[in-house]
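Visitor: Going down the list, the protein sequences come from chains A and B. Under this note's numbering, read the first sequence as residues 1 to 114, first letter to last. Under this note's numbering, read the second sequence as residues 1 to 112, first letter to last.
If you're looking for bench data, these hints aren't it; they were derived computationally from the structure. Only a predicted model underlies this, so the values are computations on that prediction, with no experimental measurement involved. Where hints are given, some of them may not hold.
[Unchecked claim] A partial selection of chain A residues facing chain B, derived with a Cβ cut-off under 7 Å:
1. Tyr32
2. Tyr39
3. Tyr61
[What the hints assert, rightly or not] Listing some non-contacts, in silico: residues in chain A with all C-beta distances to chain B over 12 Å:
4. Val13
5. Gly16
6. Glu64
7. Gln71
8. Leu82
Where is the CB? At the ideal position from N, CA and C, for every residue including glycine.
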Amino acid sequence: AQSVAQPEDQVNVAEGNPLTVKCTYSVSGNPYLFWYVQYPNRGLQFLLKYITGDNLVKGSYGFEAEFNKSQTSFHLKKPSALVSDSALYFCAVRDSGGSYIPTFGRGTSLIVHP
Amino acid sequence: SQTIHQWPATLVQPVGSPLSLECTVEGTSNPNLYWYRQAAGRGLQLLFYSVGIGQISSEVPQNLSASRPQDRQFILSSKKLLLSDSGFYLCARGRGGVYEQYFGPGTRLTVT
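Work out the full structure, taking the sequences as your base and the hints as a guide.
Guide: Given below as C-alpha cells:
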C-alpha cells in the first residue's frame, strides 16, 4: 500500500523569504515522488520528481525538493518566494513495484504575502 | 507537443440530466488515461483509469462511467446526474512507472 501526507493545509510566507511545503510518504518498495502545482481553475502542472540518485531534485520555476529516506519525506522548497508562487501544491507517490496509479496528498495552499 | 484537451470548460446541468465530458490527447500514442474529480478546490479523487482502448478500471462505485473508444480519447458519462457530482473534473495522461502525469485544463461541472 502507498500513502502520502501533507500535514499543512496552508502555508503563509512573505515575499522574498524561503518557503517549505511538507510531504511525507509511505510505500512498500522504493518511492517515486512527484510535486505538482495548481493555479485557480486550472489543471495540475508537474514541477519535479525524485526517482533515484541525488537526494536534492531541482525543478521548474526555481523549486527544489529534498528526498529524505530515513524520515520518509520529500519537502518542496524555494529559496525566495514570489507572490506568483501562491497556489495549491500537491505531493504524489507511486510505489516502484506498484501500479500505474499514484497517490496524491490533499494539497497545501501556499500564500505568499507582498 | 503533448497536449490534453477537455470540453466543455464549464457546464451547468440539472439533477437527473445526462452527462458527457470528453478528453483528447495529442502527440503520444497508447497513453494511460485518468479521470479525476476535485471537490472544493482540494484533494483529487481518482474515478477511472485506462491503459488501452476499451480497458477501463473504476476506482469508486458511483453513477459515473467511462469509455475509451479511441487510443487518445477518454469520455466520462452519466445517465442521471446527482448534486454530489458537482466538481472540477480533470483528465490526465501518464505512462506509469517513473513518469509523471500531465493534466488537462479541467471541466467545472455544477449540478443544480
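Visitor: Now look at each hint and say whether the structure bears it out.
Guide: Consistency of the hints with the structure:
{"no.": "1", "hint": "Tyr32", "in the structure": "holds, 6 Å"}
{"no.": "2", "hint": "Tyr39", "in the structure": "violated, 11 Å"}
{"no.": "3", "hint": "Tyr61", "in the structure": "violated, 15 Å"}
{"no.": "4", "hint": "Val13", "in the structure": "holds, 20 Å"}
{"no.": "5", "hint": "Gly16", "in the structure": "holds, 27 Å"}
{"no.": "6", "hint": "Glu64", "in the structure": "holds, 16 Å"}
{"no.": "7", "hint": "Gln71", "in the structure": "holds, 22 Å"}
{"no.": "8", "hint": "Leu82", "in the structure": "holds, 21 Å"}
The structure fails hints 2, 3 (numbered hints given earlier, in ascending order).
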